[in-house]
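Model the placement of chains B and C on the given structure of chain A, informed by the hints.
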Amino acid sequence: MVPPVGRLAWTLIPSCWLHLIATVMRRVIMFGPLPTRFFITSGYGEASTELNAFDAALLNAGIGNTNLIKLSSILPPGCLEIEPYELPKGSMVPLAYGELTSSRPGTLISAAVAVGIPVDPSAPGLIMECNRIGAPEVCEQASREMVREGMEIIRGLRIREIRSISASLTVRKVGAVFAAVVLCP
Amino acid sequence: MVPPVGRLAWTLIPSCWLHLIATVMRRVIMFGPLPTRFFITSGYGEASTELNAFDAALLNAGIGNTNLIKLSSILPPGCLEIEPYELPKGSMVPLAYGELTSSRPGTLISAAVAVGIPVDPSAPGLIMECNRIGAPEVCEQASREMVREGMEIIRGLRIREIRSISASLTVRKVGAVFAAVVLCP
Amino acid sequence: MVPPVGRLAWTLIPSCWLHLIATVMRRVIMFGPLPTRFFITSGYGEASTELNAFDAALLNAGIGNTNLIKLSSILPPGCLEIEPYELPKGSMVPLAYGELTSSRPGTLISAAVAVGIPVDPSAPGLIMECNRIGAPEVCEQASREMVREGMEIIRGLRIREIRSISASLTVRKVGAVFAAVVLCP
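These protein sequences, in sequence, are chains A, B and C. Take 1 as the starting number for the first sequence in my numbering and just add one per residue. Take 1 as the starting number for the second sequence in my numbering and just add one per residue. Take 1 as the starting number for the third sequence in my numbering and just add one per residue.
In isolation and in its complexed conformation, chain A is listed as follows:
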C-alpha cells in the first residue's frame, strides 16, 4: 500500500527522528495549529434538489470546491481578518456557518454569521450563526445580538468590533443561502 516515495522516506529518516517528529506533530496537530486569519463570505444558489442548491450557494460564496469541516465557533485569539481568497480545491476547511434551504417557491430565506473581536488580543472571539425565513437584516441583527450576549454578558469580554455578513434569496424552485466565517492558517 505504501507508494515508492513514501517507502523511500521511511528508510531515509532515522527512526529516532521519526519519533521526535511524530511527538512534535502530535502536539501541534491535535488542538492546533491555531488559525491565524479568517474571512467572512456568503452566497445563495438555486438548483433542482436541496443538496445541489446548497452546493450552488457554496460555489457562489467562493468555497464550493472545498470540504467544509463545521466547528462550534470560537475565533482563536489574535486572528486577523483578511480578504476572501481561493482555497485549494478539495482542501479541508474549518469554518462556522449558517445555512437554510427551502423548496417552497416564493419564500424569502436568509442566513447570517457574526463574529465578535475582543479588545483583549489574548481573548477568544465568538462566532454566532443564524438562519430564518424572512429578511436578511433581521437575521444578521440576531446573530450580532447573540455575539454580544455571549461575549459581554456570558464571558464578560469587551468587544472591539463585530463583523457580520448575510445572504438571502426568494426561492424560485429549490434554493439555499449560506453565510460563513472561514478560519485560515
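The set of hints was computed from the structure by calculation and includes no laboratory data. Predicted model, so just to flag it, every value in this text is computed and none were measured. Certain hints may be false.
Repeated chains share a single entry, so a pair holds when one copy, or any two copies, can fit it.
Said to hold, decoys possible - Computed list of lysine-lysine pairs in DSBU-like fashion (alpha-carbon distance at most 35 Å, straight line): (1) Lys89 to Lys173; (2) Lys89 to Lys70; (3) Lys70 to Lys173.
For chains B and C alone, kept in the frame of chain A given last:
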C-alpha cells in the same frame, strides 16, 4: 502533563527547527494534506437502539472502529479509487456519507453515495449522498443525478465516470443503513 | 500571502527534506495522530437564545472557548483517562457529545455520555451519547446500556470499565445541557 518522551523531544530539537517545522506543518495541516485516494463502502445493521444500529452499520461497512469526520463532499483533484482496506482503529477518517435509521419494523430503508470523477485531473470531483424510505436503486440513481447536475450543469465540468454504492435493509426492530466515500492519505 | 517567517522557512529547508517531511506528515496527520488520552466533562447553561445557552453549557463544562469537532465515537486503543484541563483557546478539539436545548420553561432536560474501556488494550473503546427530557440517571443509564450492547454483543469485546457522566437542568427560560468525552493528544 508532558510525558517523558515528549519532554526529551523538546530539548533535542533546537527551537529554531521547531519553529520551521511548525511553520511548514501549519501550511500542510490546515487545508490539507489533500487526500490522494478514496474508496466507497456501504453497510447495514440491526440493534436495539438507533445509535447501536448505526454503529452496527458502520461495522458492516468496515469502518466501525474509526472516528468519522463528516465533510461537505468534494473529491480532491487527482484522487484515485482504491479497494477498501482496514483503517487504524480509532483514527479520524474524513468522509462523506448518507445514512438512515428507522425503528419501524417492516420499513425498507436505503442510503447511497455517488462520486463524480472529472475528465480534467486538475478539477475537483463531487460527492452526493442520499437516503430515503424505498428501494436502494432509486436512492443510488438520485445521488448519481445530483452529481451530474452539480458537475455538468452547475460547474460545467465533463464527467469521466460516476462511481456509486448503496445499502438497504428491511427493518426488523431498529435498523440503519450507511453508504460512504472515504478519503485516504 | 506568505508571511516573512514562512518564506524564510521555505528557503532554509532543502526541498528534499520538505518532501520527506510532507510524506511523513501526510501519514501521521490523516487518520491520526491517534489521541492517547481522554477526559469526560459535562455542563449546563441558561441564556436568551438556544445558541447562547449551548455556548453557556460548553463554558460550564470547561470547553466553551474551543472549537468542537464532533466525532462518531470510538476511543482509540490504549487511550488513558486524565483529569479535565484547560485546552488552548480556539483550538480544534475532537470529541463525542450529547446535548439538548429547550425553550420550554419548567422542562427537565438531560444529556449523558458513556465510554467503554475494553479489557484488551489493543481493542478500541466505544462512546455512546444520549439526550432526553427527564432525569439524568435514566439518560446516563441508557448511554451505558448502549456501550454494553455495542461492545459486548455487537463487537464481542470484554469491558474493563464503563465511565459515564451526565448533566441536567430544569429550564428557566432557554436552557442547554451537554456531556462529552474529549479526546486529547
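Status of the hints after comparison with the structure:
For the homomeric pair Lys89 and Lys173, the shortest alpha-carbon distance inside one copy (29 Å) is at most 35 Å, but the shortest distance between copies (43 Å) is not. Taking the closest pair of Cα atoms, Lys89 and Lys70 come within 35 Å of each other both inside a single copy (17 Å) and across two copies (17 Å). In this homomeric assembly, Lys70 and Lys173 come within 35 Å of each other (Cα to Cα) both inside a single copy, at 27 Å, and across copies, at 28 Å.
Checked against the numbered hints given earlier, this structure breaks none of them.
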